[in-house]
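Letter by letter, the chains look like this.
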Amino acid sequence: MEEFFTMIVLIADATLRVSTPLILAALAGLYAERSGVVDIALEGKLLGAAFAAATVAAVTHSAWLGLAAGITFAVALAMIHAYACVTHKGDQVVSGMAINILVAGLGPTLALAWFRQGGQTPRVEGGARFHPWSWPGAEAVADIPVIGPIYFEIISGHNMFVYIAVLCVPLTAWVIYKTRFGLRLRAVGESPEAVDTAGISVDWMRYQALIVTGILCGIGGTYLSIAQNAGFLRNMSAGQGFIALAALIFGKWRPWPTMFACFLFAFTDAVQTRLQGVDIPGIGIIPVQFIQALPFALTVILLAGFVGKAVAPRASGIPYIKER
Amino acid sequence: MKRLMLSGLAAVSLAVAVSSANAADFSPAIVFDMGGKFDKSFNQAAFDGAERFKMESGVAYREFEVTSPTQREQAIRRMAKDGANIVVGIGFAQAPAIEKVAKEFPDTSFAIIDAVVDLPNVRSIVFKEHEGSFLVGMAAALASKTGKVGFVGGMDIPLIRNFAAGYAEGAKYVNPDVEVFQNMTGTTPAAWNDPGKGAELARSQFGRGADVIYAAAGGTGVGVYQAAVDGGKLAIGVDSNQNYLHPGTMLTSMLKRVDVAVENAFKDAKGSMFTAGIQSLGVAEGGVGWALDEHNRSLITPAMEARIEQARKDIVSGKIKVNGYKGS
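First to last, the sequence lines map onto chains A and B.
If you use my numbering, the first sequence corresponds to residues 23 to 346, in order.
If you use my numbering, the second sequence corresponds to residues -3 to 324, in order.
Only chain B is shown next, with the shape it has when bound in the complex:
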């Protein structure tokens, strides 16, 4: 009996030793951006992906939440210096920092979301947000009774304009006469986390007659959704599935699978299958889409669902081409 226990103990300790050896061998790291990892949106999607990786592989990851722009480069370099095998930077704003640090640490793998860094050890993951926004734009126009829909963006950058352009295209695809209001929260990174301003912008759009608003604004969106609840109107979430936040007033969410991108980057690096280069994820690749679950089931009629699903297939087959924002 004693012997059995001993061998059992040995087995356990062996297992522990093996897993800790694994953990010591492989050390992934992630650097979140200004919205913070609990922005319920973009950064949180990345966080969810990292957490899933931790659950499945048992490997802990290191993380850092950037609270001021000067911290990005320091955080990324710190991670690389401390022996991280892969460092994932969340958000376009980290591109310059990733580029700089990736050159200093050519043996470390890096990944960047929403931007392209052309280096042999960097994987650049970009999404075709306009395609996903097209689908929720359709949903907005189909659900709107006033024929007016709104968009609240975070920081005024081409990426967010791309969301807006796809959204407007989708809404016009359903109803050519639809009026689309567009507002940006600001021109600095603080615009990602200003729910008070988001709520004000949403109220102003509701005041002008909009009855569905799509927010692509990170943490600022929380204020937009709250304004929709307070005003008895509809809102559309972004990046993460945000339908659960306010069941009954969240029409749907534009899913941007940052979580999958982060998880895959970690997994590939762990299995030595990391590839550099550009990954462009659209509707066809399952990188973007729209959310339908128990929280918004009652808001989406079967006819709406059928039309949006048809459009999704048409985008995949190339029958519908979403232009997005072409820059200026």
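Isolated chain A (complex conformation):
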């Protein structure tokens, strides 16, 4: 029982850690798609931000400058996307894919030219990296049964970004549903003609949404390279931008359900990591291959059986052209 409880706590702990970039990227996608811009470049923005953050952190030895660089680079990429498919009404999927491919090659190439370490950045340490926060009294209460481990492992001892990601969810819900900006954002994704008639610039709304997307992806990418890991590695985002996109659809473009979808993906990943080679009473040791297929199998089952119809914002993916 004791051991089982410890395992649950550790899995919850890992779920939070793994879900952080997913939540940030999924919320980033939420702003873009709610404004009517499909953004499959979340992956590229995460990776680009990871690269920029690690590079600047490695050179300046400042994690905060790294964060600033990560955000700046991701916003710049988002602006390329906006310029191509808001200003010039280009195809949003093509533009997004172009950004993904661009970043996948650009990062390692620049890293190779600058650092000569095979497309990686040097390892970042100390002040060039964000370290976990230990909350007051965490050590003291760690030995208290039940509450102690929960406080010590799950609530305390995470990276700043983990808290930021979780706090971004209510913030996003508030912005989307309770503010004037949010109302216009949703309107521009559902019925841009109406927004235009009301005298609000559709293009400017979409630009603003993509700036927010860039900022959130920038934070997520920075977490990947200088908080979770210690340096940039080739293709280190490993498809998390796409998983975030799936979580967004899974959560039907709403902040809270999207967060839970991210948790679910992260949870299956954490379980997968921990179930390997563990002797489960009554079942025995489960083959590795089965465990590794589990997250994907679970995703398919949940998507097919429980989520129901996912309806995208109506104007999503359609460039807005006045006076057709």
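Please note that the accuracy of each hint is not assured.
Chain B side only, calculated, beta carbon under 7 Å to chain A, not exhaustive [claimed, not checked]: (1) Tyr169; (2) Gly192; (3) Ser200.
Simulated from the structure, these hints should not be mistaken for lab results.
Heads up, the beta-carbon is just placed ideally off N, CA and C, and yes, glycines get one too.
With chain A held as given, fit chain B onto it using these hints.
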């Protein structure tokens, strides 16, 4: 004076001409695998060997870093076609490609690390990883305070299982009650370069009570070692001597002298002493071992060193027999 300078110049140009003639005559090539030549581990060991050859002989080599599985055969064939005298393939995954290309170019020499290709122009170099892993397994069990040690593998293949089996045998040799956790990163080549996953696996093992983790996972290991630093635990490196990465938390490294194998293959081919066939390198041949240097000196007590060294001698003499992974 002018004459002296001229003759000096002539000598220099002659020397240049000779060395470039040499370089033109002999052209070695190496094809790294998915981890990349800066994985700080397996591929980097091969890279170090190739670099040493270049330094000593002055002959440049050609290289290619495979980034997707489809490139292996193309890269190897390209090298052979462009007139390489010897092509060294790094890693078991290149065996099918080497086999195919070696048949097409019977006059070119090939070498493959970690796999056996039975052809008259291929040298197959395999290591007895289990013997080296046995020694670091002993180190892990001797250094562990909790009696629990961990292993993080890269791709789930018999080769990596062999590392794990030797490691567990070594740990049990020291402490029969020791608990050994084993995790594999994945079942695809991407598992060689996934430090984030490596760190997660390491954290999960630390969470279950392990305090020493051995990573045999190429670039993924970097994440494992970082997790050990972050968690204040110990880690064991693999293939290259990785003690320098994090002095103070790297207990030791299992050395697999891929560098020597690559260097020797180049040298033999250059001196026309290339031999095909299987080379099986274990503790006795100096092909595998454990690393003790200034970076981990403070972590290894004299008593530990004495026990591990004794075991090393016993393996050489045949007193200890390490079984390794026997497949299934």
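Which of the listed hints are broken here? 1
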